[in-house]
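Colleague: What follows is each chain in one-letter form.
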Amino acid sequence: MSPLIETKKLTHIYSEGTPFEHVAVRDVDFSAARGEFIGIIGHTGSGKSTFVQHLNGILKPTSGSVLLEGEDVNGSAAVTRRVRGRVGLVFQYPEYQLFEETVRADIAYGPKNMKLGKEEIEQRVLEAADFVGLEASLLDHSPFDLSGGQKRRAAIAGVIAMRPDVLVLDEPTAGLDPRGREEIIRNICRYHDAVGGTVLYITHSMEDIARFATRLVVFNRGQIALDGAPEEVFRHVEELERIGLTVPSVTKVFSILRSRGLEVAEGIYTVDAAVEALLRLKGGGGNA
Amino acid sequence: MLKDITLGQFFPGTTVVHRLDPRTKLILTVLYIVLLFIAVSWASYGVVFLFLVCSICLSRIRLKAILSGLKPLVILILITGLLNLFYTRGEHLLFRVWKISVYWEGVRTAVLMALRIMLLITGTLLLTYTTSPIQLTDGLEKLLNPLKKLRVPVHELSMMMSIALRFIPTLIEETDKIMNAQKARGAEFDTGNIFQKAKAMLPLLVPLFISAFRRADELATAMESRCYHGGEGRTKLKVLRMERRDWIALTVGVLLLVLVILLRRLGL
Ligand SMILES: Nc1ncnc2c1ncn2[C@@H]1O[C@H](COP(=O)(O)OP(=O)(O)O)[C@@H](O)[C@H]1O
Ligand SMILES: [Mg+2]
Chain G
1 MSPLIETKKL THIYSEGTPF EHVAVRDVDF SAARGEFIGI IGHTGSGKST FVQHLNGILK
61 PTSGSVLLEG EDVNGSAAVT RRVRGRVGLV FQYPEYQLFE ETVRADIAYG PKNMKLGKEE
121 IEQRVLEAAD FVGLEASLLD HSPFDLSGGQ KRRAAIAGVI AMRPDVLVLD EPTAGLDPRG
181 REEIIRNICR YHDAVGGTVL YITHSMEDIA RFATRLVVFN RGQIALDGAP EEVFRHVEEL
241 ERIGLTVPSV TKVFSILRSR GLEVAEGIYT VDAAVEALLR LKGGGGNA
Chain S
1001 MLKDITLGQF FPGTTVVHRL DPRTKLILTV LYIVLLFIAV SWASYGVVFL FLVCSICLSR
1061 IRLKAILSGL KPLVILILIT GLLNLFYTRG EHLLFRVWKI SVYWEGVRTA VLMALRIMLL
1121 ITGTLLLTYT TSPIQLTDGL EKLLNPLKKL RVPVHELSMM MSIALRFIPT LIEETDKIMN
1181 AQKARGAEFD TGNIFQKAKA MLPLLVPLFI SAFRRADELA TAMESRCYHG GEGRTKLKVL
1241 RMERRDWIAL TVGVLLLVLV ILLRRLGL
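For the record, the sequence lines run as chains G and S. Residue 35 in my numbering sits at position 35 of the first sequence, and the numbers go up by one each step. In short: position in the second sequence from 1, add 1000, done, that's my numbering.
Bound conformation, chain S alone (with noise of 0.2 Å):
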């Protein structure tokens, strides 16, 4: 079922990491993606991966929900790997079969390219896992919210997310029921050739799009009558708090930049 996607999906809980800051997260985030990138060395992996395992454990999320969340990259990491392993060249040469070479330089890419993949996915899940989706855009308007100057309409754009955010779930619940509703007067969504197959979506587009924008009317209508008009001197009804549990991990984070970028100046 369209359900059973878990990627960008929310699980509430009282740890740790569910209580940090969003803005932290977020910084902490880009932190790790940096900390990959720059990551060559089995050494400097295994800090970045030893990192994500403690926040994992941190945030009580079960190893169950972080496999289904990479499940649907399979492929793509797949690919990565198999291409890296066939086009790298070194020189080692490991086997030859016709006209492929493996050399173990493109073995060793070819690991370290689908861990990156990997850890670089886990670890946005770990965000998106703990953080519920207004947090979420609370913090990046807070993170962003210098670009104002520069006449970004930085509030405008989370107000867009946080809507799209918190519509998606709706909206999937919506197609879930127009279907099943569609499939009890005999519509087939998943036989027959393309063409046949995109005419069989009609009969669901038109009502999902119907209600995507009889609900847009009822939300604008809703945030007028309530006097929404825009971010100007709106306040929070949760406030964002700079906590010490905040500053600790930004500066764990720090360090582990530090760390890590000492490994690769060794050439470790």
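Only chain G is shown next, with the shape it has when bound in the complex (with noise of 0.2 Å):
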């Protein structure tokens, strides 16, 4: 399968050349398929942000290349308009880009710099605001009368309207209380499903995303320190754990079982696979 999204290499120095110079990516090869939910994970200053505003350009690399479709994203200046429509970005606290009147205006910013017809932008607005469930009678309103959460969906959904190959949401629940959390999760994997386009999904919270991801990308320190499927990553206790990332509890309960001598499968990391997991152990174990 050739990949959709790919970088070469990519590295990025802050402010290089002065006192405050700063690597923050440093030689990171990675490449994503088409239709991949991916979680990208990593401790705060591991470089997340930082690598995926390459993605759509707006970061240039200090060295290094990405590429969409094998088409260098900032070989010109056209290219990199047209790649903004097609890898969509969701930066961190999104709320705070909202400018326009209402609601529907705001979710019709992003087609409506793409130059697309008035239809066809209002049923993208429509069919966007579906997907992270914001309800119709509250496009009319000013984005500024939303709650916190109503906020963040709004915003997302500016970008969807994009209807972008790529959604990459950087930290998309950060600040948002567990039911706002679960519903924009909820939504995103609603919106994978029906679309089937590639999504990275941000995160420092390894619950989030364990139960959705296809694939998971641990950053550490401007590096991929691990990339593979969750039951892989998790596998990997110790170092997730010297890196300063908290497994979830299962994981972390059946590294223990293991480790005291239990025959337990390796990188559990939902509740029903650990369940599963300890009932063969006492079937196994012929004393039920």
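It is possible that some hints are incorrect.
Mimicking EDC-like on lysine to aspartate or glutamate, the simulated pairs with C-alpha atoms at most 16 Å apart in a straight line are [what the hints assert, rightly or not]:
{"hint": "1", "chain 1": "G", "residue 1": "252", "chain 2": "G", "residue 2": "241"}
{"hint": "2", "chain 1": "S", "residue 1": "1064", "chain 2": "G", "residue 2": "21"}
{"hint": "3", "chain 1": "G", "residue 1": "151", "chain 2": "G", "residue 2": "101"}
{"hint": "4", "chain 1": "G", "residue 1": "112", "chain 2": "S", "residue 2": "1188"}
{"hint": "5", "chain 1": "G", "residue 1": "151", "chain 2": "G", "residue 2": "95"}
{"hint": "6", "chain 1": "S", "residue 1": "1236", "chain 2": "S", "residue 2": "1156"}
{"hint": "7", "chain 1": "G", "residue 1": "151", "chain 2": "G", "residue 2": "165"}
{"hint": "8", "chain 1": "S", "residue 1": "1148", "chain 2": "S", "residue 2": "1232"}
{"hint": "9", "chain 1": "S", "residue 1": "1142", "chain 2": "S", "residue 2": "1156"}
{"hint": "10", "chain 1": "G", "residue 1": "8", "chain 2": "G", "residue 2": "27"}
{"hint": "11", "chain 1": "S", "residue 1": "1199", "chain 2": "G", "residue 2": "232"}
{"hint": "12", "chain 1": "G", "residue 1": "252", "chain 2": "G", "residue 2": "231"}
{"hint": "13", "chain 1": "S", "residue 1": "1177", "chain 2": "G", "residue 2": "21"}
{"hint": "14", "chain 1": "G", "residue 1": "9", "chain 2": "G", "residue 2": "21"}
{"hint": "15", "chain 1": "G", "residue 1": "252", "chain 2": "G", "residue 2": "232"}
{"hint": "16", "chain 1": "S", "residue 1": "1064", "chain 2": "G", "residue 2": "16"}
{"hint": "17", "chain 1": "G", "residue 1": "60", "chain 2": "S", "residue 2": "1176"}
{"hint": "18", "chain 1": "G", "residue 1": "60", "chain 2": "G", "residue 2": "16"}
{"hint": "19", "chain 1": "G", "residue 1": "151", "chain 2": "G", "residue 2": "135"}
{"hint": "20", "chain 1": "G", "residue 1": "8", "chain 2": "G", "residue 2": "72"}
{"hint": "21", "chain 1": "S", "residue 1": "1142", "chain 2": "S", "residue 2": "1232"}
{"hint": "22", "chain 1": "G", "residue 1": "115", "chain 2": "S", "residue 2": "1232"}
{"hint": "23", "chain 1": "S", "residue 1": "1199", "chain 2": "G", "residue 2": "100"}
{"hint": "24", "chain 1": "S", "residue 1": "1177", "chain 2": "G", "residue 2": "263"}
{"hint": "25", "chain 1": "G", "residue 1": "8", "chain 2": "G", "residue 2": "69"}
{"hint": "26", "chain 1": "G", "residue 1": "252", "chain 2": "G", "residue 2": "263"}
Please keep in mind that the hints were generated in silico from the structure rather than gathered at the bench. Since the model is a prediction, treat every value here as computed from it, not as a measurement.
With the hints as a guide, bring both chains together as one complex.
Modeller: This is the structure:
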């Protein structure tokens, strides 16, 4: 499968040549195929945000390159402009970018910049609002009258409305209560199932993402430390903890059980899998 | 990027220049500016230049940082130089092209003026490079304290100044962030005619103002909940104290002033 988007030896240095010089991303080779749901995890400051801002040409690499379907994202201004519509990036705390008089107009801002027709825009706005679970009655309100969670969803809709091939979300649930978090995660999963596009979901909470992602990429100090299916990544409990990430409690429990000599599988990260493993163990032990 | 603006930036350090009392540095800077305006001859410029170079060496500020601070003002320096070059009349005509005549005196004034501006900027850069904004306003407040007798709200003014200084980087960062977020939605800030450009600023300015007001509100609440009630009876976390090095620096400054005045008197 040829990759949809990839980075080659991507390096980004902030304030190069000053006393504040800081290497935020170092030699990252990454690629994502169409339809993947990738969780990007890492400690605060590990370079996740810096990395994803290269995917649509917001930041220019210090060295290395970013390719979308084999084409260099920074090849020319025209290419970069096109890429902005194809790689949708939702920044952290996106509600701070709302500015229009109505939610409808704000969601339409991206599609309008893509110079789409009026009807097409209207249709996309409705579709995007539905994906993020905003009721149609809210569309004519001022975005500043919405609740925190609703604002966040309106801002995400503003990017979804561009119908990007790759949707990148930078900590979309930061600062929300558990219920708002759950809703956003569920809506994004629904979006992914319906559209089948590639989703990159940044978070520093493992528990959030482990249930949905088809693949996890772990960042540490500007480099990719682990990359693979969740059960693969969660085998490396010690390494994850050394990096400073908290693995899901189930994973932790099972890792301890294993170290105490119990024969359970590695890389268990959901309660269901845990229950199954325990039942199997009980059955296998013959003392049910 | 907006972040690359260096004017008013602070480079932390532990050199003598960094450790001088901000009051000393403020007084020396004022003295230095006075020196520059008294200086008329090459010799006196040499003295001022030497003083500046010594201070820069002591502060360990890199030449690159100084050059990048001077860069935004190159145009200003050039224009001043050229104006002086063409508009100064004198006795020694150098050459004459069409209606423009250039005199030897013009060249001299142009070079001296350009030098004066560069020295002026470099000197003030050195002050902001080696003094944190907080220290700077603390020092200013202390120096202006006598004005309190005249009912000038010195403390309030300096508090406003520290807050403004403190939030400039934050606002620049915020502008960068919002700009990027709107760019990700296809906004273009640098194309089109002036009206299109102005219109393109709206998605940037509205969120920026909203966030500035929100920050101001939060800050006011935070200050009030910590019982801030103005300068009356307020003590400092870091009390400013003049050390021996401060007195030495000030003495050097005064000696230089005397020297330059003498040079001027002697017509050197
Ligand atoms: N605009 C910037 N200028 C300078 N340094 C930055 C900037 N943005 C981020 N950094 C630094 O780069 C590193 C990576 O930051 P970031 O990509 O935001 O990490 P993450 O999103 O994983 O928390 C951090 O150490 C941060 O301090
Ligand atoms: Mg981040």
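Colleague: It remains to establish, for every hint, whether it holds in the given structure.
Modeller: Consistency of the hints with the structure:
The hinted pair formed by residue 252(G) and residue 241(G) meets the criterion: a straight-line CA distance of about 10 Å does not exceed 16 Å. At roughly 14 Å between alpha-carbon atoms, residue 1064(S) and residue 21(G) fall within 16 Å of each other, so this suggested pair holds. The hinted pair formed by residue 151(G) and residue 101(G) meets the criterion: a straight-line CA distance of about 13 Å does not exceed 16 Å. Our distance criterion of 16 Å between C-alpha atoms is met by residue 112(G) and residue 1188(S), whose separation comes to about 12 Å.
For the given pair, residue 151(G) sits about 5 Å from residue 95(G) by alpha-carbon distance, which is consistent with the 16 Å threshold. Under the criterion of a C-alpha separation no larger than 16 Å, the hint pairing residue 1236(S) with residue 1156(S) is consistent with the structure, at around 15 Å. This hinted pair does not check out: residue 151(G) and residue 165(G) have alpha carbons roughly 23 Å apart, beyond 16 Å. Taking the CA atoms of residue 1148(S) and residue 1232(S), the gap is near 11 Å; set against the 16 Å cutoff, the hint holds.
Using a Cα cut-off of 16 Å, the hinted pair residue 1142(S) and residue 1156(S) holds, with the two alpha carbons roughly 13 Å apart. Our distance criterion of 16 Å between C-alpha atoms is met by residue 8(G) and residue 27(G), whose separation comes to about 7 Å. Between residue 1199(S) and residue 232(G) the CA atoms are separated by roughly 50 Å; this puts the pair beyond 16 Å, and the hint is violated. As the CA atoms of residue 252(G) and residue 231(G) are separated by approximately 13 Å, the hinted pair is consistent with the 16 Å bound.
With a C-alpha separation of about 19 Å, the suggested pair residue 1177(S) and residue 21(G) falls outside the 16 Å cut-off, and the hint is violated. With a CA separation close to 19 Å, the supplied pair residue 9(G) and residue 21(G) exceeds the 16 Å bound. For a cut-off of 16 Å, the pair hint linking residue 252(G) to residue 232(G) stands: about 14 Å separates their Cα positions. For a cut-off of 16 Å, the pair hint linking residue 1064(S) to residue 16(G) stands: about 12 Å separates their Cα positions.
With a CA separation close to 14 Å, the supplied pair residue 60(G) and residue 1176(S) stays within the 16 Å bound. Proximity of residue 60(G) to residue 16(G) is assessed by CA-CA distance (about 13 Å); at most 16 Å being required, the pair is judged to hold. Restraint check for residue 151(G) and residue 135(G): satisfied, since their Cα atoms lie roughly 12 Å apart, inside the 16 Å limit. In summary, the hint linking residue 8(G) to residue 72(G) is supported, as the alpha carbons are separated by about 10 Å, within the 16 Å threshold.
Taking the CA atoms of residue 1142(S) and residue 1232(S), the gap is about 14 Å. The hint holds against a cut of 16 Å. Straight-line distance between C-alpha atoms of residue 115(G) and residue 1232(S) comes to about 59 Å, which puts the hinted pair past the 16 Å bound. Only pairs whose Cα atoms come within 16 Å are accepted, and residue 1199(S) paired with residue 100(G) is accepted, the gap being roughly 12 Å. A hinted pair counts as satisfied when its Cα atoms are at most 16 Å apart, and residue 1177(S) with residue 263(G) does not qualify at roughly 50 Å.
Proposed proximity of residue 8(G) and residue 69(G) is supported: the alpha carbons are some 13 Å apart, at most 16 Å. As the CA atoms of residue 252(G) and residue 263(G) are separated by approximately 15 Å, the hinted pair is consistent with the 16 Å bound.
Checked against the numbered hints listed earlier, the structure breaks hints 7, 11, 13, 14, 22 and 24; every other hint is satisfied.
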